[in-house]
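S.K.: Given the structure of chain A, go ahead and fit chain B onto it with the hints provided.
Chains as they are written, first to last, in my numbering: chain A, 1 to 111; chain B, 1 to 132.
Worth double-checking, as some hints may not be accurate.
One-sided and incomplete, this derived list gives chain B residues near chain A with beta-carbon spacing under 10 Å [stated by the list, open to error]:
| hint | residue |
| --- | --- |
| 1 | G8 |
| 2 | G9 |
| 3 | L12 |
| 4 | I19 |
| 5 | A49 |
| 6 | V63 |
| 7 | R66 |
| 8 | R125 |
DEER-style ranges, computed between Cβ atoms [to be verified]:
| hint | chain 1 | residue 1 | chain 2 | residue 2 | range |
| --- | --- | --- | --- | --- | --- |
| 9 | A | P98 | B | A18 | 29 to 35 Å |
| 10 | A | T93 | B | L64 | 19 to 25 Å |
| 11 | A | A101 | B | D38 | 38 to 44 Å |
| 12 | A | E71 | B | Q91 | 16 to 22 Å |
| 13 | B | R127 | A | V95 | 21 to 27 Å |
To be clear about the criterion: a stretch of chain A counts as covered by chain B if any three or more of its residues have a C-beta under 8 Å from a C-beta of chain B, and this derived list gives those stretches [to be verified]:
| hint | region |
| --- | --- |
| 14 | 25-36 |
| 15 | 103-110 |
No wet-lab data here; the hints were simulated from the structure.
Backbone N, C-alpha and C fix where the C-beta goes; we use that ideal spot for every residue, glycine too.
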Amino acid sequence: MHELDGELEGGHTMVVLRDPEQAETQAIHELIDFAGTDVLEVGCGDGRLTWRYAAGTRSVLALDPDAAAVEQARADLPEQWRHTVTFQAADITSVDLPPRAFDVVVLAWSL
Amino acid sequence: MHTALRTGGQLLDLHPDAIHAPVEVCVGDAIVPLGHLDETRHIQDVHIARAARQAAIDAGWFVLERETRFTFVTHFDTVESWLTYMAEHVQKAVIPAELVARARALLPPGMAGEVRIPRQIYAARLRRTDDV
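With the rest of the complex left out, here is chain A:
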């Protein structure tokens, strides 16, 4: 489940489930074999999509200009991925990327 919890005015709890049917996970794994790859993700937000493919990759550099969302992604980063997944608050149009460093680039709902 990919769940967002929050608190609304008046103390009510907000529950949002994003694609609990896992349609996105199935689709991306049908398109890309992520095993052993170095991945650049553009527009990672809070890491919602990252969690769906990070297992088995060699490395992930996930970027988003929204610093608060990136901070949330870092906070949610599972311990077993701390050496392979890096979240960075950055804009793809200005960030300095190493040339020919990635096997896969993911444009994650990034328009």
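M.R.: Chain B alone, transformed into the frame defined by chain A:
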């Protein structure tokens, strides 16, 4: 991004399709279509992004290998959760007032049910070609 990929590397382009997403309310076994979000700004951005991608293909940087579409459903436990989420995360969309009114009437506070947005997503795999 082209230069960051190794030759033969893959680009996964994943984004909501250029359509106005529908909104539904589910109560019990009933699914009631409310109408559509106004996603004019998003649709414009999709057309701009696809034009840029086509320019990269035309320039010989990438080849399009495969396209697919699927439905990504976001579920909200209440109308207020839906409205709060939209305000915080989907700022390009405009929610017509009549949709909100219908949702509040169908799913008043305390009633079990949910608001859903079944959004069509476009996904494509492109491959970086040899240097041009």
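S.K.: Identify whether the interface hint at B/G8 stands, where standing means a beta carbon of chain A within less than 10 Å of its own.
M.R.: Holds - the Cβ of B/G8 comes within 10 Å of chain A, reaching about 8 Å at its closest.
S.K.: Have a go at the B/R66 hint: is there a Cβ in chain A nearer than 10 Å to its own Cβ?
M.R.: Holds, because the Cβ-Cβ distance from B/R66 to chain A comes to roughly 6 Å (cut-off 10 Å).
S.K.: The region 25-36 of chain A covered by chain B? Criterion: 3 or more residues, Cβ-Cβ distance below 8 Å.
M.R.: holds (count 6)
S.K.: Taking the beta carbons of A/A101 and B/D38, is their distance inside 38 to 44 Å?
M.R.: 40 Å, holds
S.K.: If you count the residues of the region 103-110 of chain A with a beta-carbon closer than 8 Å to a beta-carbon of chain B, do you get 3 or more?
M.R.: Check passed, 8 qualifying residues.
S.K.: Is the interface hint for B/I19 satisfied, with its Cβ closer than 10 Å to some Cβ of chain A?
M.R.: 14 Å, violated
S.K.: Does the CB of B/G9 sit less than 10 Å away from some CB of chain A?
M.R.: Holds, about 5 Å.
S.K.: Does the Cβ-Cβ separation between A/P98 and B/A18 fall within 29 to 35 Å?
M.R.: Given range 29 to 35 Å: holds, Cβ gap about 33 Å.
S.K.: Note whether the CB distance of A/E71 and B/Q91 lies within 16 to 22 Å or breaks it.
M.R.: Since the Cβ atoms of A/E71 and B/Q91 sit about 19 Å apart, the hinted range of 16 to 22 Å holds.
S.K.: Would you settle whether the hint for B/R125 is holds or violated, based on the nearest Cβ-Cβ distance to chain A being less than 10 Å?
M.R.: Holds, about 5 Å.
S.K.: How about B/V63: closest beta carbon in chain A under 10 Å, or not?
M.R.: Interface hint status for B/V63: violated (14 Å vs cutoff 10 Å).
S.K.: Per the CB criterion, is B/L12 less than 10 Å away from chain A?
M.R.: 5 Å, holds
Of the numbered hints listed earlier, those contradicted by the structure are 4, 6.
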